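Q: Take a look at the letters that make up each chain.
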Amino acid sequence: MGRMAANKMICPKCGDEMNHHADKVDYGAHLDAASVASADFGGLLQEVHTCPGCGNVEMRAASG
Amino acid sequence: VARFALDAIRKKDGVTTELIDIREIPLPTDDAGEAIKHAPFADTVGRADGLLLVVPEYNHGYPGLLKHVLDTNLKEYIHKAVGICGVSAGGFGGTRVIQNLLPVLRELGLVTIFWDGNFSGAQKLFDADGVLLDQAYVRRMDQFLKELIWMATVLRYGREHVALE
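Heads up: the protein sequence lines correspond to chains A and B, in order.
Using our numbering, you'd call the opening residue of the first sequence number 1 and step up by one each time.
Using our numbering, you'd call the opening residue of the second sequence number 65 and step up by one each time.
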């Protein structure tokens, strides 16, 4: 089981389980919040999650 | 050209769209990026499955204002379809602005389609009443939109149902 399957994001708008479909380096993010995983990428590595229920999109720092 | 594209999209079944005129988005110029995100624009892009950009070419490049606006969002773009209609006064249909814009869109997380809109001689495309003078553009736009809608549909499914790993 991958790390996302064990740590699914719940949509804050409708409560559905969201789908983690991308990782994106956010060069504009404040790097004081960068996780260990981001050190290799030169910016904050963000997970991108979309809700199949309502289409809401959320990002969170990758957990490594 | 944007109104022509908008009319063509609105004729497509199952598609809803709206026109965003970036001149109407009030953004400061003493900062950039998500720090100056404009909530209504972000909400519109967030709800969209795809974007069609109508972009005039200036000195082979894209307008600085467009880059300024695009830079204000990130998560709203990821794995969404985008197509570009280049507009130029000369005879190359904005091909150079399209080529210059592609790497920007890619970095923003958008997925570009392989059809472009190329509108040459912008000042002669429409008559005084805004009527399109060359009907070849109608068929070209239809092909462009079919690809954009297909890509937007597939990517929406992917965003919602296909996990990264």
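Honestly, the hints are just simulated from the structure, not real lab data.
Quick caveat: nothing in here was measured; it's all calculated off a predicted structure.
Accuracy of the hints is not assured; some may be wrong.
Said to hold, decoys possible - EDC-like cross-link-like pairs, simulated, lysine to aspartate or glutamate; straight-line CA separation at most 20 Å:
1) Lys101/B - Glu171/B
2) Lys139/B - Glu17/A
3) Lys8/A - Glu224/B
4) Lys8/A - Asp107/B
5) Lys210/B - Glu58/A
6) Lys13/A - Glu229/B
7) Lys101/B - Asp16/A
8) Lys139/B - Asp180/B
9) Lys139/B - Asp71/B
10) Lys76/B - Asp23/A
11) Lys139/B - Asp16/A
12) Lys131/B - Asp71/B
13) Lys8/A - Glu58/A
14) Lys13/A - Glu88/B
15) Lys75/B - Glu171/B
16) Lys13/A - Asp198/B
Q: Please go over all the hints and tell whether each is borne out by the structure.
A: Results for each hint:
With a C-alpha separation of about 18 Å, the suggested pairing of Lys101/B with Glu171/B holds against the 20 Å cut-off. The suggested pairing of Lys139/B with Glu17/A holds, with an alpha-carbon distance near 18 Å, which does not exceed 20 Å. Taking the CA atoms of Lys8/A and Glu224/B, the gap is about 13 Å. The hint holds against a cut of 20 Å. At most 20 Å may separate the alpha-carbon atoms for a hinted pair to count; Lys8/A and Asp107/B exceed this at roughly 24 Å.
Taken as a hint, the Lys210/B and Glu58/A pair is broken in the structure, with Cα atoms around 29 Å apart against an allowance of 20 Å. A C-alpha spacing of about 24 Å is found between Lys13/A and Glu229/B, which places the hinted pair above 20 Å, so the restraint is violated. Proposed proximity of Lys101/B and Asp16/A is contradicted: the alpha carbons are some 26 Å apart, above 20 Å. Proposed proximity of Lys139/B and Asp180/B is contradicted: the alpha carbons are some 24 Å apart, above 20 Å.
For the hint linking Lys139/B to Asp71/B, the alpha-carbon distance of about 28 Å lies beyond 20 Å, and the restraint is violated. A C-alpha spacing of about 32 Å is found between Lys76/B and Asp23/A, which places the hinted pair above 20 Å, so the restraint is violated. A hinted pair counts as satisfied when its Cα atoms are at most 20 Å apart, and Lys139/B with Asp16/A qualifies at roughly 19 Å. In summary, the hint linking Lys131/B to Asp71/B is not supported, as the alpha carbons are separated by about 25 Å, beyond the 20 Å threshold.
Of the supplied pair hints, the one linking Lys8/A and Glu58/A holds, its CA atoms being roughly 12 Å apart against a limit of 20 Å. With a CA separation close to 29 Å, the supplied pair Lys13/A and Glu88/B exceeds the 20 Å bound. Restraint check: the Cα-Cα separation between Lys75/B and Glu171/B comes to about 31 Å, which exceeds 20 Å; the hinted pair is violated. The straight-line distance between the Cα atoms of Lys13/A and Asp198/B is roughly 47 Å, outside the 20 Å bound, and the hint therefore fails.
The structure fails to meet hints 4, 5, 6, 7, 8, 9, 10, 12, 14, 15 and 16 from the earlier list, while all remaining hints are met.
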